[in-house]
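Undergrad: Respectively, the protein sequence lines represent chains A and B. Residue 1181 in our numbering sits at position 61 of the first sequence, and the numbers go up by one each step. Residue 486 in our numbering sits at position 25 of the second sequence, and the numbers go up by one each step.
If you are wondering where the hints come from, they were derived from the structure by calculation, not from laboratory data. These numbers come from a predicted model, not from an experiment. Errors might be hidden in some of the hints.
[Stated by the list, open to error] Restricting the straight-line Cα-Cα distance to at most 25 Å, the calculated cross-link-like pairs of lysine to aspartate or glutamate (DMTMM-like) are: (1) Lys1169/A with Glu480/B; (2) Lys581/B with Glu1202/A; (3) Lys1162/A with Glu478/B; (4) Lys1169/A with Asp530/B; (5) Lys463/B with Glu1202/A; (6) Lys1169/A with Glu503/B; (7) Lys1162/A with Glu480/B; (8) Lys1162/A with Asp530/B; (9) Lys1162/A with Glu515/B; (10) Lys1149/A with Glu503/B; (11) Lys517/B with Asp1179/A; (12) Lys1162/A with Glu503/B; (13) Lys463/B with Asp1127/A; (14) Lys1162/A with Glu592/B; (15) Lys1189/A with Glu1136/A.
[Stated by the list, open to error] Going by beta-carbon spacing under 8 Å, a handful of chain A positions derived as facing chain B: (16) Gly1154; (17) Ser1175; (18) Ala1224; (19) Val1226.
Every residue, glycine too, gets a C-beta built ideally from N, C-alpha and C.
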Amino acid sequence: MIPAAFDYLRPATLDEAIALLELHGADAKVLAGGHSLVPVMKLRLAQPKTVIDISSVADLSYVREQGDKIAIGAMTTHYDIEASPLLRDTCPLLTELAPQIGDAQVRNRGTIGGSLVHADPAADWPAAILALDADLEIAGSNGRRAVKATEFFVGMMETVVQSSEILCEIRVPTTARSVAYVKFAQRASGFAIAGVAVVVDGANKTVSVGVTGVAARPYRALAVESVLRGKVLNRDAIDQAAGIAAEGVEPLDDIHASAAFRAHLVQVNTRRALEVAVSRG
Amino acid sequence: MKTVVNIRVNGVEQKHEVEPRTLLVHFLRDCCRLTGTHVGCETSICGACTVLFEGKAVKSCTLLAVQADGSEVTTIEGLAGDGRLHPVQEGFWERHGLQCGYCTPGMIMMAVQLLERNPKPTREEISHAIEGNLCRCTGYSHIIDAIEYAARKIAEVKK
Ligand SMILES: Cc1cc2nc3c(=O)[nH]c(=O)nc-3n(C[C@H](O)[C@H](O)[C@H](O)COP(=O)(O)OP(=O)(O)OC[C@H]3O[C@@H](n4cnc5c(N)ncnc54)[C@H](O)[C@@H]3O)c2cc1C
Ligand code: FES
Ligand code: FES
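With the sequences and hints as input, model every part of the structure.
TA: This is the structure we're talking about:
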């Protein structure tokens, strides 16, 4: 399995990368860790004429404090997030989720930015990014813009990032320890058939719930969030809320799971994630 | 169009002209003639092609050779030195960590990285670390024994 032929470019700066993307238009593809793009190129599902490798672009891989947020460079690998002491202390949902992605080799190469822009409906990061209400910073020839996680995902494998733009940073809030990510994984790849990320804010009596794997695009389970607002999170309240985790969504139906099974799994995992998060509070 | 790719493989500079679409595993096997790295599934699942890229375990069927231009790569051929097996290789020998041997180079490279990051892993941590390496023969328990053996051996040598 060999990809179709292409030209390979490795720019050293973000401006240069964006200029190359503008020049080569829709025939060009950004290459980050390559752990989604290279497999689809080998299958010839993607045949870009030009591949623009952004791994040498300076300062796209970092985890650092920025005001009251934590800023993560788009080229930060899943492993670097898993192993970040700063994130373990300040945003433990990310360090809990990272080691559940694929396998060790995939986590050494795959990047959070690549995963988000690829927008595979079964990818893990979108659940956490939604539950954390993250901000995503996108660079293009007209400068930078920031979008909310809830506005980022457009549809299956589609986001607001345009073909000549580069996602450069993800900003997440710091949280308490009352968070959890629970997924039911596809056995061979580890991709999520139903993944639920939960952030419980004990002080404000709110919860936020991000769901991936279930529908064509990841979503916030707003119905669950709204029935739990201001409530004491006991067994009954959690059971009742988890029961509506698939409300208003059309679950995917494919070889991995039927729509009915996915609707069931998301309820179970929402309940489990809420229970775990509350127990950590 | 061909391009020159220069990778330090097991400490030796390897400079070859390849197409950008050449996968790292083919660069290693066909250009460098280092056939210890195996090709199993070709679909990023089995881990038989695992090598160390800048010290990190990667599936060389899922990396382009051009991505590794200017970097260091270590393959199974680079582990033994002075006629002595690497402790992980010794562990696989002593604890019967292989049968057909197809998965072995990848398993060993993965185990080398694991023990660098975590010198005293539990059996559970070892299983988690080799999730991306499939073995159709051993049932894994001897592989885990082999890696535990290597961890003890490395700790002894360090003393
Ligand atoms: C065997 C295997 C198992 C896996 N299991 C899981 C799993 O369990 N869960 C999971 O979530 N994922 C899984 N993945 C996917 C993995 O996490 C990928 O690494 C990730 O989806 C893509 O990140 P990347 O850096 O490799 O991106 P690439 O493959 O380099 O790029 C992906 C796409 O995004 C674009 N892109 C990348 N970065 C940017 C950027 N900064 N700005 C603009 N566009 C960009 C590219 O043009 C391309 O279209 C698995 C992959 C493999 C091979
Ligand atoms: S051959 Fe590379 S993972 Fe199977
Ligand atoms: S020893 Fe045969 S595949 Fe592992």
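Undergrad: Confirm or reject each hint.
TA: Here is how each hint holds up against the structure:
no.	hint	in the structure
1	Lys1169/A with Glu480/B	holds, 13 Å
2	Lys581/B with Glu1202/A	holds, 19 Å
3	Lys1162/A with Glu478/B	holds, 20 Å
4	Lys1169/A with Asp530/B	holds, 20 Å
5	Lys463/B with Glu1202/A	violated, 37 Å
6	Lys1169/A with Glu503/B	holds, 22 Å
7	Lys1162/A with Glu480/B	holds, 14 Å
8	Lys1162/A with Asp530/B	holds, 20 Å
9	Lys1162/A with Glu515/B	holds, 24 Å
10	Lys1149/A with Glu503/B	holds, 22 Å
11	Lys517/B with Asp1179/A	holds, 20 Å
12	Lys1162/A with Glu503/B	holds, 9 Å
13	Lys463/B with Asp1127/A	holds, 9 Å
14	Lys1162/A with Glu592/B	holds, 23 Å
15	Lys1189/A with Glu1136/A	violated, 28 Å
16	Gly1154	holds, 7 Å
17	Ser1175	holds, 7 Å
18	Ala1224	holds, 5 Å
19	Val1226	holds, 6 Å
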